[in-house]
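Asks: Here are the chains, one letter per residue:
There are 2 protein chains.
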Amino acid sequence: MSKYWSDVVKRLEPYTPGEQPRDRKYIKLNTNENPYPPSPRAIEAIKRAADESMRLYPDPDCSRLKSVIAEHFGLKREQVFVGNGSDEVLAFSFAAFFNPGNPILFPDITYTFYPVYCMLYNIDYKTVPLDDDFNISAGKFLQDNGGIIFANPNAPTGKFMDLPFVEEIVQYNAERVVVIDEAYVDFGGRSAVKLIDKYPNILVIRTLSKSHSLAGLRVGFALGHADLIAGLERVKNSFNSYTLDRAALMGAEEAIRDTEYYEKTRDKIIRTREWVGPELEKLGFKVTDSLANFVFASHKSMRAEYLFKSLREEGILVRYFNRPRIDNYLRITIGTDPEMEQLIKVLEDIVG
Amino acid sequence: MSKYWSDVVKRLEPYTPGEQPRDRKYIKLNTNENPYPPSPRAIEAIKRAADESMRLYPDPDCSRLKSVIAEHFGLKREQVFVGNGSDEVLAFSFAAFFNPGNPILFPDITYTFYPVYCMLYNIDYKTVPLDDDFNISAGKFLQDNGGIIFANPNAPTGKFMDLPFVEEIVQYNAERVVVIDEAYVDFGGRSAVKLIDKYPNILVIRTLSKSHSLAGLRVGFALGHADLIAGLERVKNSFNSYTLDRAALMGAEEAIRDTEYYEKTRDKIIRTREWVGPELEKLGFKVTDSLANFVFASHKSMRAEYLFKSLREEGILVRYFNRPRIDNYLRITIGTDPEMEQLIKVLEDIVG
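Chains as they are written, first to last, in the numbering used here: chain A, 459 to 810; chain B, 459 to 810.
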């Protein structure tokens, strides 16, 4: 603690991302990265961006990328906001739509960055408990609040809430903004994007980090009514005029255009997830019904923390959260088939 | 104005960056970009970053880039913070070191993003008037305050305040953080970096956008006592775990390492600035004594706004600020010699 820190800094408890160790080569199943490389077209586009024009500022409005995204989703350009990873888009959303003093709602088990944003912007919150199977009950969001955010599929559970329930929440809370964090929706969930033209209070946030294999490029975006997008633009333009560099802009455009590549790699991940779940169950794990690029699993007799450490020793990184209700679970990213075969093999040794 | 906007968004008046028009090809002297391309080594590094590893998150701590910067400045790695452009580093600094209710100080004529950050974080401020020649008087900063920020050289004037005056300000305000925005210091000013090991309350902010020809890559950094850097890290890690993408990290490292290239292009810009000033004076301009990569000039008989518009029609973009005290000045970025010769030629026609 330094006397020079602001009151904000003193109260912060920053988010801790999954480790990126360099001590040895791991099978890395701990940060929900895509095991397949990005679209070759996206890679080429990034290389093309590396030229003399790097001396010039990027387009502060990111117009072309917004157009590509708008076209992809059948929306207008003014319904699209882009940012430096979906984390930045989320941060701007907290600043743009939530106020101090009026508690917002989010599930008790979800992306742990949400309470951190609340601390950063001094926003109060109330958590809504998931049921024992980690389902989000829509009914619990039908109460007075200053705004709502949830991830769908949820993290780290992977559980998806069906769209009629999402719509019920959006409809009931017509005077508040409902933010739906769809970082993982591409792996089998149904997107709430189709509700955007019907409700002015829904904001859908996406990322290229998972489904488009571009965690290293930092591109996220938000889709919603033009008024909500304008609010985000006001925050962004009061923070940093140019949040996306030229490489990120060009790489993202091409990644979104290359739908064929994205669908192929996504389908592979879904197919792998479908066999990994049953294999884990055979080994004595309870596995949540995940529609994300990870599974969430708890073993009937061995502690998650022990399994986490044992896997690490064997060169396999998974994510363990030492938090109430989920401290006996592992979140395991879906890697390639050979990586997951290796995981199962190592687990057989540990639990066998 | 939307009913969904937070109170913060409603009160914001976002910053407006210089225009990036696409209607025709301009000689672009309006956003202080470097007229020379980035180091070829930096370009190659960005290309190398465009590979399969883009599927992985970048290093959230930016350790290697920090080490390169630390080594360059003879500092320790924990005295270095890096961000997505110096605008982001500035934004984090306002959040990290300034509090609501205790007005901070900055010059009345300076980078207009400072009051915008104040609005974003609800920080009060008092402006300190420059004298008639746009000098910053150090004595005016020797008063009660909640923190201080100034650009040195200042923008849009280009005027540099000598280090003994900077030190006087830092010394007097030992209980407050003094932020020195050195975006333009590489073009002839003396950096306050040498004061860092002496004073725990000084934070120096830099960018690769101007002197390293990398406006399109979005990399800025801050140098200061490890406690100040830790404060910035806490804000950053409560906002976005990964603010620099893999391309930016690798390009920035190589740009800083290539000091030979940087010195060569910087010297060219200084030499151009040295002849442009007198030429403008011959045409009836009063030109401030700039140590930046731009000059700030006012014509004895023709209005700056008229000159701005006339130059635009002739395919030359400069920056005009319709603001008190400087609404009869033009800020003209130093381009290549041929670009500046063309500027002088066109101005001769307009004012002749």
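Hints are computed from structural coordinates only; laboratory data are not their basis.
Among the clues, some could well be false.
One copy or two, it doesn't matter: identical chains are merged, so the pair holds either way.
What the hints assert, rightly or not - For lysine to any residue, the following SDA-like pairs were computed, each having C-alpha atoms within a straight-line distance of at most 25 Å:
| no. | residue 1 | residue 2 |
| --- | --- | --- |
| 1 | Lys656 | Arg482 |
| 2 | Lys584 | Ser525 |
| 3 | Lys598 | Leu621 |
| 4 | Lys468 | Leu588 |
| 5 | Lys744 | Ser595 |
| 6 | Lys461 | Leu653 |
| 7 | Lys652 | Ser525 |
| 8 | Lys767 | Asp519 |
| 9 | Lys767 | Met577 |
| 10 | Lys461 | Asn557 |
Small disclaimer: the values here were computed from a predicted structure and weren't measured.
Asks: All the hints need checking, so say for each whether the structure fits it.
Replies: Hints, verified against the model:
| no. | hint | verdict |
| --- | --- | --- |
| 1 | Lys656 x Arg482 | neither (50 Å within a copy, 39 Å between copies) |
| 2 | Lys584 x Ser525 | neither (37 Å within a copy, 41 Å between copies) |
| 3 | Lys598 x Leu621 | within (16 Å within a copy, 60 Å between copies) |
| 4 | Lys468 x Leu588 | neither (31 Å within a copy, 34 Å between copies) |
| 5 | Lys744 x Ser595 | within (21 Å within a copy, 69 Å between copies) |
| 6 | Lys461 x Leu653 | between (48 Å within a copy, 19 Å between copies) |
| 7 | Lys652 x Ser525 | within (18 Å within a copy, 47 Å between copies) |
| 8 | Lys767 x Asp519 | between (46 Å within a copy, 23 Å between copies) |
| 9 | Lys767 x Met577 | neither (31 Å within a copy, 47 Å between copies) |
| 10 | Lys461 x Asn557 | between (28 Å within a copy, 12 Å between copies) |
When the structure is compared with the earlier hints, violations turn up for hints 1, 2, 4 and 9 and for no others.
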